[in-house]
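Asks: If you want the building blocks of each chain, they are given just below.
Number of protein chains: 2
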Amino acid sequence: MPTYTAPTKDLQFVLHEVHKISESATPGYADLEPDFTSAILEEAGKLSSEVLAPLNAVGDKEGCRLEDGKVSTPTGFKEAFAKVKEGGWTGLDMPEQYGGQNMPAVIGSAVGEMFSASNHAFVMYQGLTHGAATAILAHGTDAQKNMYLPKMVACDWTGTMNLTESHCGTDLGMMRTKAEPQADGSFKITGQKIFISSGDHDMADNIIHLVLAKIEGGPKGVKGVSLFIVPKFMVNEDGALGERNAVSVGSLEEKMGIHGNATCVMNYDGATGFLLGEEHKGMRAMFTMMNEARLGTGMQGLSAADAAYQNAVIYANDRLQGRAVTGAQFPDKPADPLIVHPDIRRSLMDQKSFVEGARAFILWGATLIDTAHRSNDKDADGLVSLLTPVIKGFLTDVGYDMTVKAQQVYGGHGYIEEWGMSQFTRDARIAMLYEGANGVQALDLVGRKLAQDGGKHLMAFFDLVKSFCKENAGQDDAFDTDFIEPLKAASKDLQAASMYFMQNGMKNPNNALAGSTDFMHLFGHVCLGLMWARMGKAAKIALANGASDVTFYETKLTTGRYYMARQLPATALHLTRIQSGADTVMALDAANF
Amino acid sequence: MPTYTAPTKDLQFVLHEVHKISESATPGYADLEPDFTSAILEEAGKLSSEVLAPLNAVGDKEGCRLEDGKVSTPTGFKEAFAKVKEGGWTGLDMPEQYGGQNMPAVIGSAVGEMFSASNHAFVMYQGLTHGAATAILAHGTDAQKNMYLPKMVACDWTGTMNLTESHCGTDLGMMRTKAEPQADGSFKITGQKIFISSGDHDMADNIIHLVLAKIEGGPKGVKGVSLFIVPKFMVNEDGALGERNAVSVGSLEEKMGIHGNATCVMNYDGATGFLLGEEHKGMRAMFTMMNEARLGTGMQGLSAADAAYQNAVIYANDRLQGRAVTGAQFPDKPADPLIVHPDIRRSLMDQKSFVEGARAFILWGATLIDTAHRSNDKDADGLVSLLTPVIKGFLTDVGYDMTVKAQQVYGGHGYIEEWGMSQFTRDARIAMLYEGANGVQALDLVGRKLAQDGGKHLMAFFDLVKSFCKENAGQDDAFDTDFIEPLKAASKDLQAASMYFMQNGMKNPNNALAGSTDFMHLFGHVCLGLMWARMGKAAKIALANGASDVTFYETKLTTGRYYMARQLPATALHLTRIQSGADTVMALDAANF
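Taken in sequence, the protein lines are chains S and B. Throughout the first sequence, residue numbering follows full-length UniProt numbering, covering 1 to 593 in sequence. Throughout the second sequence, residue numbering follows full-length UniProt numbering, covering 1 to 593 in sequence.
Just chain S, same shape as in the assembly:
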């Protein structure tokens, strides 16, 4: 069975030596001293590796069961959920007035990475609750906040998000679920929603469903969509639970993975709902927390890749097979371990350099969200909006590929459920699909974000890269060759791709959209290149300052050099594809595929 070791040391390195969070002017960041964050990360790491990780395979094997309209979760989930509640983890970055600890998102992200890596399906019960609570926090009335948030922050009640219907997911304008206004100001919600994660379960007293629906007589399409709070049990004025609402689980979906999470078809049969935010502004309300939600999904790509990678390393060190081509390294053993073989190392280095780069990228994104929210910084908000589809799309695409690589290290054993490596790939697969399929992320990036505010945020990104290169070039030939030059070249490819879109997307938008996924990946590589350059610089400084753990920092530099030499050059391929335009993509009639 797979194990999980919390990467607390690496998280600390990124938080403090790379992003230097406690030196930031963002409100709340000054408190985030290394000792303080270390204590939090150690605690969350312990919970992850000791409580959540051992339940990961259990959840996969048992799955959830629907009996008599009630969903029960796999063995051990209830007890583990109690421990998560006990630690107050859901409220980490929630306001104190609702029982939270008001910490910045960057800490929530660091903790979330470990939770998700140890048990993706389990953590979704809490994650959806956090998402729903965030929506109520942003759009609820004071009465709604007071009624729901303390219970949700404590995870006594959990939450869900209900968007998708069987005939529409991305295109929510076609939604059919309807809301009929009642005399008392409430609404009767009628319709069916599918793919509802954590839709029902046995770990909380109540479930607060956030449901998108159309108020009768409202505008057509997405402009007529409103958001509603639909509790599983009605809540009395005194906070006590009242009668059961007319919402029920139609069925549980059989899925490729995340079996431990109950993915429900939800039936709303005239259920009582309460408007959240303004009428017909439901899409806006739902998308308020989109940057955070998509950052969280991108993180799942990283998390899955790290969990799978860690186990691949263990297996590569344990499994004896063949001899090193340069001569036996363990002549007293019947064979050398897999890790002596260059192709196995190549695969592990692909994984390692992605995981560590992605970690820095996610935490950078989280600092931008904090700066945007806590300092009301429009530039940070614009930049993170631009980066969000890249974080979501690139990290889940590549994160999935990395779980496949980790599985491959096991040979035939990777295919057998007993070893647990199949689960990492099956679970990771969902992150490319939900929270907006990755093609939709690419469309958002190229069709909307690039040109937002006159392209200002893309320019700001290029400036960041440029100033990093300018500040750090010319001091150390090796650093220039290994880090600065490759980063410059990759950034140049990104600029050329942007230029191609500007010149050719105007006359025919298909020329831009045919290259959208390639652009998202190109952009992702440049971001990871920038992260590795920053990490390389931090490692160099630590070594120059006589850090005691020389191996840690030298390993960082080697891993960074690997990324720069072997992964970053993918930018040129993406640029080539982008510049080939839309001709061959759009040429065929639909009937000729």
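Hints were generated in silico from the structure; no laboratory data involved. Please note that a few of the clues may not be correct.
Facing chain B, according to a computed beta carbon distance under 7 Å, are these residues of chain S, among others [what the hints assert, rightly or not]:
1) 502
2) 506
3) 510
4) 576
5) 585
If you anchor each label on the Cβ, the simulated ranges turn out as follows [what the hints assert, rightly or not]:
6) B:61 - S:219: 41 to 51 Å
7) S:499 - B:417: 41 to 51 Å
8) S:475 - B:590: 27 to 37 Å
9) S:579 - B:97: 54 to 64 Å
10) B:551 - S:254: 35 to 45 Å
11) S:467 - B:554: 48 to 58 Å
12) S:579 - B:379: 19 to 29 Å
13) B:97 - S:583: 29 to 39 Å
Glycine included, C-beta positions come from ideal geometry on N, C-alpha and C.
Since chain S is already given, all that's left is putting chain B on it; use the hints.
Replies: Just chain B, lined up with the frame of chain S:
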């Protein structure tokens, strides 16, 4: 539920217009006139789409069961197996004297593609039988051939291959299964084998296990491995079945996919076995049919990709979501179908251009095998030996990626087992692992095949590309630009990579092996580039000759242009990675991963 349409027209195009098989001098090829092959393909296609494909999801859902030591297959498998037997499909390319039809391997490949695409797990029962029969044909005594082959060719008895033990797969020198010589010339086989596909089932009267084991007192390592025939039921001299042999199923493996095939742990407890071929030459005997077996596995990459692609196309035409960016294409419908979106088309074109290129590649490989065997042509044998790891490794790696892309077209529905797209990826995953994991293919290619016979076969490949370019350049500017120039550039990258290995692999073999997987992919792209150039040429000729189905040939040209513009340029990235050498790959101590 997914459907499958047999690609008979495309197979005919490749067989007759691209590879021109009936014009070949290879014995047996003159008979392969278009009408004749068309009749065979239509029949096999019908069986595939009407009988095998509808059982694919059934097999996945039900899986196999082990009760009282007996394995039962999913509902409908028995009846379908009877139909496969009835059609004589196992004996298609087997000698007439054992009941076969003695057809060339190229026809077996074309049929095999459709069988495998329609039901991967099911077809393995027959596929393993074919493999075991081929080994007996190559190494058995006349008595053995007469005893086993007629029954196996008829699929009254099926076959298995027993190589792997729990502690060794690739490195079979560590094998522990032992064979004790008996006075009557037979052996007592004792040991445990794992991952035995089709190890037991309820569709045949007997199962002929081919088992690798070490004769006591023989040489150490792989030089002491022999191959044995171990029947499930002993066979009397008159061919009647005798008593049960001491071989039993220990358990069924729970796997990520191919649930319809019984993957068994097999226990040999002093089972009676008969030497097949020479003592201690078991590896050689087992590997005789390696080129065919690996070509068959590479084909599974193509098959899975085609089956998944076909369904993605149907979904992309059916599912309404969003509007074309250039304006609504179906204004009377609530939304346009997915296929109007450039990124969906980009994904479908990736799949289509891979599938069609891979089909031509597989069939080319099969013609080389025929030429090698039927004309005893050493050059063809050397070339197909060189290409075999590319066919196996590249086509299964990329084929898997394509199933993931096809699944992505479905959005969230791709993750739900109900739609069947998850099964394509889960089933396709095995092909990267069995018959030698793809890292082992890359090692075989770079460590062994490149330099074989003084590098003669690699040179022969480059000459093929060069002469194609020379013969076809300068006649048509568009063809030069779209096909010849990209092929030349890609081939140059392959030459540069080979040169790098020669110059740097000598001083440190790690420099070659760190680039082995990239080299395998680089080579694969050049092969598909060559296939597309040949297909493009064939299409051009057909159009010039006034072919009636103009759309078919123009679609071929467009698809080829897409591959050349968007996929083939990956060669440059692979070259860059290869040329970065082994330094960063080998730098870390095993403890620092």
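Asks: Against this structure, judge whether each hint is valid.
Replies: How the hints compare with the structure:
1. With a cut of 7 Å, the hint placing residue 502 of chain S at the interface with chain B is violated, because the nearest CB-to-CB distance is about 16 Å.
2. With 7 Å as the threshold, the beta carbon of residue 506 of chain S stays out of range of chain B, its nearest partner Cβ sitting at about 12 Å, so the hint is violated.
3. Look at residue 510 of chain S: its Cβ gets to within about 5 Å of chain B, closer than 7 Å, so that hint holds up.
4. The closest approach between the C-beta of residue 576 of chain S and any C-beta of chain B is roughly 5 Å, which is under the 7 Å cut-off, so the hint is satisfied.
5. Interface hint status for residue 585 of chain S: upheld, as the beta-carbon distance to the closest one in chain B is roughly 5 Å, under 7 Å.
6. Range check, residue 61 of chain B to residue 219 of chain S: about 44 Å between beta-carbon atoms, so the 41 to 51 Å window is met.
7. Separated by about 44 Å at the C-beta atoms, residue 499 of chain S and residue 417 of chain B satisfy the suggested range of 41 to 51 Å.
8. Against the hinted window of 27 to 37 Å, the Cβ-Cβ separation of residue 475 of chain S and residue 590 of chain B comes to about 32 Å, which satisfies the hint.
9. As the Cβ distance of residue 579 of chain S to residue 97 of chain B is approximately 59 Å, the hint placing it in 54 to 64 Å holds.
10. A hinted range of 35 to 45 Å for the beta carbons of residue 551 of chain B and residue 254 of chain S is consistent with their spacing of about 40 Å.
11. Between residue 467 of chain S and residue 554 of chain B, the C-beta spacing of about 51 Å keeps the proposed range 48 to 58 Å intact.
12. Hint check: residue 579 of chain S to residue 379 of chain B, Cβ distance near 40 Å, so the stated range 19 to 29 Å is violated.
13. The beta-carbon spacing between residue 97 of chain B and residue 583 of chain S, approximately 56 Å, falls outside the hinted interval of 29 to 39 Å.
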